[in-house]
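Residue numbers (the numbering used here), protein chains in the order written: chain A, 383 to 596; chain B, 383 to 596.
Hint data in this document are derived by calculation from the structure and do not stem from the laboratory. Do not rely on the hints blindly, as some may be mistaken.
Since the list gives no way to pick one copy over another, a pair counts as held whenever it fits inside one copy or between any two copies.
To be verified - No more than 16 Å apart at the CA atoms, straight line, and that leaves these computed lysine to aspartate or glutamate pairs for EDC-like:
hint	residue 1	residue 2
1	K484	E591
2	K403	D576
3	K484	D588
4	K590	E420
5	K472	D559
6	K403	D577
7	K472	D552
Here the structure is a predicted model, which means the values were calculated and not measured.
2 protein chains.
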Amino acid sequence: MMPEIAPDQMIEQLRWRYAVKRFDATRKIDEETWSALEQSLILTPSSYGLQPWKFIVITDQELKDQLPAISWNQKQPQDCSHMVILAGRKVVDTAYIDRYMKSVVVTRQLAADAMDGYRNTLVRIVEQIPNHLDWNARQVYIALGQLMVAAAMLGVDTCPMEGIDTAAYDKILGLEDDVFTSVVGCAVGYRHPDDLQASAAKVRFDRKELVEYR
Amino acid sequence: MMPEIAPDQMIEQLRWRYAVKRFDATRKIDEETWSALEQSLILTPSSYGLQPWKFIVITDQELKDQLPAISWNQKQPQDCSHMVILAGRKVVDTAYIDRYMKSVVVTRQLAADAMDGYRNTLVRIVEQIPNHLDWNARQVYIALGQLMVAAAMLGVDTCPMEGIDTAAYDKILGLEDDVFTSVVGCAVGYRHPDDLQASAAKVRFDRKELVEYR
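All chains should be built: construct the whole structure from the sequences, respecting the hints.
Shown next, in the form of structure tokens:
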């Protein structure tokens with residue numbers, strides 16, 4: 383397959399991206415565009431393909447109006463089009479691994495026992511991971527990265543939001559006793575024309591400090 | 383700005399991506415393409431813009447030949463074009479925050495004291511983060527996600543690699559007593575035509591299990 387996107391076009395979109403401070407509350411993401419962004423979440427790669435996450439997308443305005451109070455008073459969750467809460471699984475247990483292996487067998491039309499060896503290895507590996515939520519939270523951040531880039535490619539704005547009260551989000555979303563817990567948020571929508579942050583120069587350390595060649 | 387990439391084109395590239403098992407050791411990434419991928423690393427967003435990372439790119443074949451032994455015997459680091467080690471800062475201290483604030487002031491041509499209030503707030507926030515490396519590792523995974531999507535957009539293959547001996551990588555890269563430590567790897571290059579994994583159906587849980595709307 384030929385690359386479909388030119389390097390300079392991609393970089394232009396990545397430079398265009400910034401963490402939106404003020405969304406245009408009147409602009410909503412259309413269905414085709416959102417559907418592509420939903421796919422970008424679903425297609426995110428994860429360790430062993432385990433997809434240890436759930437993405438909760440808040441579009442209901444009444445619910446969104448309650449979010450600044452549990453987001454360090456930031457307005458992005460209220461004004462954006464789609465507020466995404468990226469939640470991680472608290473535990474990857476054997477039952478979950480089995481459920482995943484079953485989906486591999488079904489999707490790839492394999493023999494029922496084709497994944498048994500891999501499954502047993504994976505059970506042993508996962509048992510040795512000290513903190514499943516920490517591990518899964520890292521995977522969730524891959525999804526956060528994929529979502530922000532995918533949005534930028536489509537000319538859709540985002541604001542990654544660590545500054546949220548995850549316990550309060552769990553409560554409002556009914557996740558208190560769930561296998562998932564809120565890890566990080568991402569507001570998705572369109573920048574307000576008056577958002578001064580859009581024109582602020584992007585701050586990065588010098589290339590030589592950030593990248594080293596061996 | 384108009385979106386430059388059509389939603390279905392982007393999704394096609396994301397579907398084309400898979401975790402490469404076997405790279406074509408004869409194919410190297412050209413300079414223009416790599417330069418765009420380097421930019422995608424540099425442009426990765428991070429919490430408060432702190433960029434708590436260093437990206438170490440290994441292209442020297444003699445060094446690459448030593449990597450399978452410290453990568454669970456996986457050959458991707460050896461056969462790929464550019465092996466990227468994404469390293470995270472162990473600690474975000476006040477000196478580092480000050481260095482960052484200085485770069486904001488310089489880049490945005492602000493008054494010398496313009497960032498003082500923000501700086502003081504950030505120092506207090508960062509003091510309360512229990513484990514800086516855990517926090518920074520999450521940021522590193524944003525970069526991992528951004529790199530993999532950026533590569534996919536350009537028709538470049540990747541393999542994310544958690545299965546590396548990070549302590550041994552630190553040793554081989556001279557990071558043992560450094561402020562940075564290896565967190566995760568990403569092999570970048572081109573799939574071998576005989577990599578069977580390329581044609582395996584992508585396994586994902588049902589959309590309704592992964593995404594919920596409120």
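*Since the copies are identical, ignore which copy is meant and state whether K403 and D577 lie within 16 Å (CA to CA) inside a copy, between copies, both or neither.*
Within one copy, since 7 Å is at most 16 Å while 44 Å is not.
_I want to check one pair: K472 and D552. Are their C-alpha atoms no more than 16 Å apart within a copy, between two copies, both, or neither?_
The answer is within: 13 Å in one copy meets 16 Å, while 29 Å across copies does not.
_Homo-oligomer pair classification [D576, K403; C-alpha up to 16 Å]_ = within (10 Å within a copy, 47 Å between copies)
*For the identical chains here, do K590 and E420 meet the 16 Å Cα criterion within one copy, between copies, both, or neither?*
between (36 Å within a copy, 11 Å between copies)
*How would you label the pair K484, E591 (within, between, both, or neither) given a Cα cut-off of 16 Å?*
between (45 Å within a copy, 15 Å between copies)
*Using 16 Å as the alpha-carbon threshold, which applies to K484 and D588: within, between, both, or neither?*
between (47 Å within a copy, 13 Å between copies)
*Give the relationship of K472 and D559 under a CA distance limit of 16 Å: within one copy only, between copies only, both, or neither.*
Intra 11 Å, inter 33 Å, cutoff 16 Å: intra-copy only.
Violated hints: none; the structure is consistent with every hint.
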